[in-house]
Every structure is written in structure tokens, then in C-alpha cells.
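Produce the complete structure using the sequences and hints provided.
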Amino acid sequence: MNRDLILILKIVASGLTAAFLIFFISALSGEDLLKNHATIRDLERVSADISADLNGGIDRRVRQLGEAPQKNPYRKFYAAELAKEIHEIAYLTEKQKIMFDQYSVRDFEGKSRRLVAYSENADVPGLMSELDIVKRELKNSVNLIENRRDKLSRQRTAYLVLFLILWAVLYFYYGRGFVRS
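Numbered by our numbering, the letters in the sequence shown go through residues 1 to 181 in order.
Rather than coming from a laboratory, the hints here were simulated on the basis of the structure. Some clues are possibly wrong.
[Said to hold, decoys possible] 27 Å max Cα-Cα, derived DSS-like pairs, lysine-lysine:
| id | residue 1 | residue 2 |
| --- | --- | --- |
| 1 | LYS139 | LYS95 |
| 2 | LYS111 | LYS35 |
| 3 | LYS76 | LYS111 |
| 4 | LYS135 | LYS111 |
| 5 | LYS35 | LYS139 |
| 6 | LYS97 | LYS139 |
| 7 | LYS151 | LYS139 |
| 8 | LYS97 | LYS35 |
Written out as C-alpha cells, the structure is:
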């Protein structure tokens, strides 16, 4: 019984010491492991949202608006609704930029001004080209998100492997010591 208790104490002590060492090493390298884990989940959620919009969500939204009317008051209303949909779709790209600290208010305001100008002039072809630009931005955002998520996942895996190695080394150190006297 006494040996079992000492064995459990060695396992727990070596595990706790290894965990503290991992957090100290990650803090010295400027990484927050808990924040990175939460970031991976956020990136997966945003990537899923963007992929859902790219895989038919955008086309479904545009189809719900119907055909572009030829008469001007109705065409202007259609253009305003299309601009609103494009603005809502573009929000996902802006959300990704905010997560990566690359958000530019000027860029967002420039896009908004273009959308307003297109809708005031009832320029449906201009809005459709803007929609194509937003789709390309979304595809680029998905690629950036996947790269960032992969990098954080590799980093998390490396810290887990380092933790296991430190745990084993510390267990042997606490158990027998490296040098016998």
C-alpha cells in the first residue's frame, strides 16, 4: 500500500511539474496555450460559416431576391436589397480580418460606399461583380483560416509531445534519479 501511494505521488508530481514547465516555456515564447485552443475552435466555426455560404448559401440568398426588374423604382429597390445581402456576406470576411488583427476601417467604408453607389444607380451588373469579389475574398479567407488553424494545431501537438516527454523524464527523475549513488 505504501509503495502504491508513493508511485501515485510520483506520477502526479511529475505530471504537475511537466505541466508547469510547459506553461512556463509557452509563456516565455509568447504563446498562450489556452487562448490558442479557444482560437482553434473559433477558427473552425468561422471556417464552417464561410464554407456554408460559399457552398450554396450565397446563391440561395441571391435566388430569393428573384430576377432583376427592368422598371427603375423596382430595380432600385432590388439593387438596394442585393447590396444589403452583399454587405451581410462580406461581414464574414471582415470577421476573419478582425480575428487576424488585419481589419481596416477605411477598406470597409470604401466597400460600403461602393455598394451604396451601385444601389443608388441601380447598377445590378456592378453589384454582381462586387458579389464575385466578395466570393473571392471569402475563398481567400477560408485558405487563411485553414493555414492559421493548422499552424496552431501543430503548435498544440508539439507542446503535448513535449509535455509527455517531460512527464516521462521527470517521472524517472523523481522515481530513481538519473545518477545512482
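Structure-based check of all given hints:
Distance check on the hinted pair: LYS139 and LYS95 sit about 14 Å apart at the alpha-carbon level, within 27 Å; holds. At most 27 Å may separate the alpha-carbon atoms for a hinted pair to count; LYS111 and LYS35 exceed this at roughly 32 Å. With a CA separation close to 19 Å, the supplied pair LYS76 and LYS111 stays within the 27 Å bound. Taken as a hint, the LYS135 and LYS111 pair is honoured in the structure, with Cα atoms around 14 Å apart against an allowance of 27 Å.
The hinted pair formed by LYS35 and LYS139 meets the criterion: a straight-line CA distance of about 26 Å does not exceed 27 Å. The straight-line distance between the Cα atoms of LYS97 and LYS139 is roughly 13 Å, inside the 27 Å bound, and the hint therefore holds. Straight-line distance between C-alpha atoms of LYS151 and LYS139 comes to about 19 Å, which keeps the hinted pair within the 27 Å bound. Between LYS97 and LYS35 the alpha-carbon distance is near 18 Å, which keeps this suggested pair within the 27 Å criterion.
Hint check: a violation occurs at hint 2 only; the rest are consistent with the structure.
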